[in-house]
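Asker: Letter by letter, the chains look like this.
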Amino acid sequence: MSTPSQPCVKVRVDSRGTVSRRGFLRWATGGTAVLAGLRWSDCLGAFAGELKKQDRACILLWMAGGPSQFETFDPKPGAPTQGPTRAIATNAPGVQIAEHWTNLARALKDVAVIRSMTSKEGNHGRATYLLHTSYPPSGGIVHPGFGSTVAREIGPADFDLPSFVSISGPSVGPSFLGVRHAPFVVTDPTKPPDNLSLPVPASRLERRLGLLEELEAPLARSGAASLVHDHRTLYQQTAQMALSPRTRAFDLDREPEKVRETYGRSAFGQGCLMARRLVEAGVSFVEVQSTGWDTHGNELPSLKKLIPPVDRGTAVLLADLKERGLLHKTLVIWMGEFGRTPRINLTAGRDHYPHVFNVALAGLGVRGGRVVGATDKLGAEVVERPVTVPDLFCTFCRALGIDPRKENQSNVGRPLKIVETGAAVREVF
Amino acid sequence: MDAVRRTCLVPVSVGIVATLLLAPARAAQPAPLTLPSPPGGEGRVRGPGERDTAATIDAALRKALPPGTSLPAVADDATFLRRVTLDLTGRLPDPENARRFAAESLSDKRTRRVEELLKSDAYAVNWARYWRDVVTYHTPASANYLRWQLFDAWWTDQLRRNRPWDQVVTALVTATGVNDETAPVNYLTALYGNPVEIAATTSRVFLGVQIQCAQCHDAKTEPWAREQFHEFAAFFGRARLIQHKDVDGRGTPYAIEPRAAGQYGMPDKKHPDRLIAMQPRFLTGESVAPDAPDPERRRALARFLTAPKNPWFARAYVNRIWTCLMGWGFYPSVNDLGSSVTPRYPEVLDALAKDWIASGYDVKWLFRTVTLTQAYQRQLQPPADDRLPAPAVCASRLRPEQVFEVLQKALGFDENDKTIPAPAASSAPAVQRHTGLRNMVYQAFKADPSLPTQEVPGTIPQALLMMNSALVHASTAAKGKTVLADLFRQGRTDDQIIAALYERVLARKPTDVERVICLRYVARVGDRHEALEDVLWSLVNSTEFLIKK
Chain A
0 MSTPSQPCVK VRVDSRGTVS RRGFLRWATG GTAVLAGLRW SDCLGAFAGE LKKQDRACIL
60 LWMAGGPSQF ETFDPKPGAP TQGPTRAIAT NAPGVQIAEH WTNLARALKD VAVIRSMTSK
120 EGNHGRATYL LHTSYPPSGG IVHPGFGSTV AREIGPADFD LPSFVSISGP SVGPSFLGVR
180 HAPFVVTDPT KPPDNLSLPV PASRLERRLG LLEELEAPLA RSGAASLVHD HRTLYQQTAQ
240 MALSPRTRAF DLDREPEKVR ETYGRSAFGQ GCLMARRLVE AGVSFVEVQS TGWDTHGNEL
300 PSLKKLIPPV DRGTAVLLAD LKERGLLHKT LVIWMGEFGR TPRINLTAGR DHYPHVFNVA
360 LAGLGVRGGR VVGATDKLGA EVVERPVTVP DLFCTFCRAL GIDPRKENQS NVGRPLKIVE
420 TGAAVREVF
Chain B
0 MDAVRRTCLV PVSVGIVATL LLAPARAAQP APLTLPSPPG GEGRVRGPGE RDTAATIDAA
60 LRKALPPGTS LPAVADDATF LRRVTLDLTG RLPDPENARR FAAESLSDKR TRRVEELLKS
120 DAYAVNWARY WRDVVTYHTP ASANYLRWQL FDAWWTDQLR RNRPWDQVVT ALVTATGVND
180 ETAPVNYLTA LYGNPVEIAA TTSRVFLGVQ IQCAQCHDAK TEPWAREQFH EFAAFFGRAR
240 LIQHKDVDGR GTPYAIEPRA AGQYGMPDKK HPDRLIAMQP RFLTGESVAP DAPDPERRRA
300 LARFLTAPKN PWFARAYVNR IWTCLMGWGF YPSVNDLGSS VTPRYPEVLD ALAKDWIASG
360 YDVKWLFRTV TLTQAYQRQL QPPADDRLPA PAVCASRLRP EQVFEVLQKA LGFDENDKTI
420 PAPAASSAPA VQRHTGLRNM VYQAFKADPS LPTQEVPGTI PQALLMMNSA LVHASTAAKG
480 KTVLADLFRQ GRTDDQIIAA LYERVLARKP TDVERVICLR YVARVGDRHE ALEDVLWSLV
540 NSTEFLIKK
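First to last, the protein sequences are chains A and B.
Following numbering that gives the first Met the number 0, the numbering of the first sequence begins with 0 at its first residue and continues without gaps.
Following numbering that gives the first Met the number 0, the numbering of the second sequence begins with 0 at its first residue and continues without gaps.
No wet-lab data here; the hints were simulated from the structure.
Among the hints, a few may not be true.
So the derived label-pair ranges between C-beta atoms look like this [stated by the list, open to error]:
| # | chain 1 | residue 1 | chain 2 | residue 2 | range |
| --- | --- | --- | --- | --- | --- |
| 1 | B | Ala-72 | A | Pro-414 | 35 to 45 Å |
| 2 | A | Lys-405 | B | Glu-115 | 54 to 64 Å |
| 3 | A | Thr-420 | B | Ala-72 | 42 to 52 Å |
| 4 | B | Pro-420 | A | Arg-259 | 18 to 28 Å |
| 5 | B | Ile-241 | A | Pro-300 | 17 to 27 Å |
| 6 | B | Gly-264 | A | Thr-420 | 44 to 54 Å |
| 7 | B | Pro-257 | A | Arg-247 | 53 to 63 Å |
| 8 | B | Asp-107 | A | Lys-405 | 34 to 44 Å |
| 9 | B | Asp-290 | A | Asp-375 | 53 to 63 Å |
| 10 | A | Thr-80 | B | Gly-264 | 21 to 31 Å |
Remember, predicted model here, so these are calculated numbers, not experimental data.
The C-beta atom is built at its ideal place from N, Cα and C for all residues, glycine as well.
Build out the structure end to end from the sequences listed, making use of the hints.
Answerer: In structure tokens, the structure reads:
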């Protein structure tokens, strides 16, 4: 561990093949005297004595709005709560899922399903926070999103892309883990991220950054040290990224037409393709969002539109990762913020139901074709192996080789565990 | 700073003692402020003058610090002018104006400048943008629910007229009508007319009370019972959201209209499908009858909210504006004046809140008072973390539209220049706030204005925009219709150009060290056009450019 008095010198030895640039080194080391004594928590990554766990990644397929368990992974054929959606067989013996998920049904022997998720947060904002942080929102503490945690825990310190990318939505931020671990948001996966290409030659950008660094020193000494430090960290990270050949991972035009077609020409499908490219390039955590699952009214027509692109994107992603030898290194999570009511309401929809919901997992040691937990005949109560949100996050941590009880210094001056309570669901491994 | 650090425990413990002494029976509730009784009954009392209150505040701040604590020196004119111009108008002072200000020798020139700024339209626009973002930041509402331009214009008008804050809040919570005609009703339609959302936002923004946690369960860290949240929500229980038909291309605007009967219900914990009817009851205990019609309910709520004896209303507003101006708050979060948080300098907050109530909730009065304090006019101090903040300003990031204003002022581009590409994220908030270049900058820099500045991280897309965008690239060029090209055309020397760029971008002269760094850089690069483009680029990409200090 470093001590606060050590200057933060970035060691630019790139373990993943990019040659470090002399100009950059000059710039990065030119102002170390200014950095000495500044806030040091952000610098720890570069100093950490432990070897970062590499070659592991996580893709979160986020179903914003809260998908119905009845119309996804826990259909209740014949029950009065089920409605007209039928159940279909899968390639996992004895496991049925809801119709319309035809592609995923053929991939289910790679997927473990938890049917017994349960929580108490039935408000979108609060539940989204819970299912991204493992903590319910509570007063003064702002918890880091899991993407930021993974970026910090397994993202290599010398990596030149952001270790956390969120596609088609903003995800949850890094809080006290710092801007280095913030999600880089790609709003539209079919277009390259804005302003990523340089308007001047790289050597000139480096020269400019050197001048900027020199000019910033006096401000850092006059009461704005932490802002200058954050600004510098951000520019360092941004320049590194803009100069990296790895930014090609964002360019889907480099994929064969056929591959792009296979993933489906939907925002979600193309997002899954970008996720695969990013994981291949070494990004540690990618979130791909799908919106519209908040089906309060008239749910069947909505679901008929919602499911096919997600079914296809998810199934093709799993197959593609497998074919490229990446699935055993990548944890794929499919989930939303809660489930939906057993009761079908007067407008033919289902309302928020955190009491029961489903999560699907694949890759990275997860034993496919398994079903964990069970609900009663009506799908209203968990009757076997309830799994809480902290249990779920311990499970993620276990797959990714992260210690869930590891403490990080929080914004309110007390250390905070990555996950406070719960235990990993061993049945999925 | 060392003096403050050494003795930080003293003032903090004083704060705790003060809170304990003032604590009423219910711990969640700070003591009401003791106010002078109005002479002659009716009509507002004119409170103390701004100058008097500013002096009281400075004295109280000093008193809270250990004797002998050294205070930061007064900031120079250029620093003060940039600071106060950004705070009040969201813009940079122009160089000509700054030079005149520096040359003035009148002892009350800072006071007079504050007055001028408060009279400007830019003041109304700047604070209207702030409040509009405060109350609508979290809603994903689409344009039919939030007639954004109308709402924006309404806010500007309230600030321009200096409408008292109690009246502004009353207008928002009691608004009725269609949202493309009645501007303030957009506050309610943007929250889908949902009593739960409206109660949570109203409580958080206008009272600094985080009662929404009690929506589902009795709050753990606050003594709010679940019923109390739902009793609050019940004030909005007979306000109904109605979608209007598309007439004459209006789209389908939404309206808030009274519902004749019915009660707001709290979901039964054991049987969530069952609702328990709630009587509207305010946090301080006042209630209205269960059969009160909608207008009466919401008018009563507005009275309870804005009553001088409501312990939160004035404190929440004063804490918020102080936080905006000083870069730190009496309470660390403008959203949370909860009982688990000990305010810093509680006696200062109370003195300021009390005099502000006496001013008749006069919005400009508070801006005047705070900017007139010595505390506001001192040199920048680093944030205090756990310690008691020094009585001086801490740096804070500019808000999204302030970033656009300073960028435009510094680089002199035309906001409506269609030749510059303006790619912008099209994500939430759902209502398109702006178009073109302003939209690009707004989307990249948007952040919840209620978050402490330390918790608003800079993002890679922001840095990419400043570093690489066509906008910054084209307008920092030494060729074409740009600021830099003009300076070259006027035949200025390198030294003169550097000075002019500093004045234009950072609203101050370069220091000798900075001049030397820049001149050496020009010499090293060789091509003075290219080198001075780089200087301008560096100034625009500096931390200083994007903060208020």
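Asker: Against each hint, give a clear statement of whether it holds in the structure.
Answerer: We went through each hint and held it up to the structure:
1. Ala-72(B) to Pro-414(A): 35 to 45 Å: Check passed, 38 Å falls within 35 to 45 Å.
2. Lys-405(A) to Glu-115(B): 54 to 64 Å: Since the Cβ atoms of Lys-405(A) and Glu-115(B) sit about 55 Å apart, the hinted range of 54 to 64 Å holds.
3. Thr-420(A) to Ala-72(B): 42 to 52 Å: 51 Å, holds
4. Pro-420(B) to Arg-259(A): 18 to 28 Å: 25 Å, holds
5. Ile-241(B) to Pro-300(A): 17 to 27 Å: Given a distance of about 24 Å, which is inside 17 to 27 Å, the answer is holds.
6. Gly-264(B) to Thr-420(A): 44 to 54 Å: 33 Å, violated
7. Pro-257(B) to Arg-247(A): 53 to 63 Å: 59 Å, holds
8. Asp-107(B) to Lys-405(A): 34 to 44 Å: 58 Å Cβ-Cβ, so the 34 to 44 Å window is violated.
9. Asp-290(B) to Asp-375(A): 53 to 63 Å: Since the Cβ atoms of Asp-290(B) and Asp-375(A) sit about 42 Å apart, the hinted range of 53 to 63 Å is violated.
10. Thr-80(A) to Gly-264(B): 21 to 31 Å: At 23 Å between Cβs, range holds.
Violated hints, in rising order: 6, 8, 9; the structure is consistent with all others.
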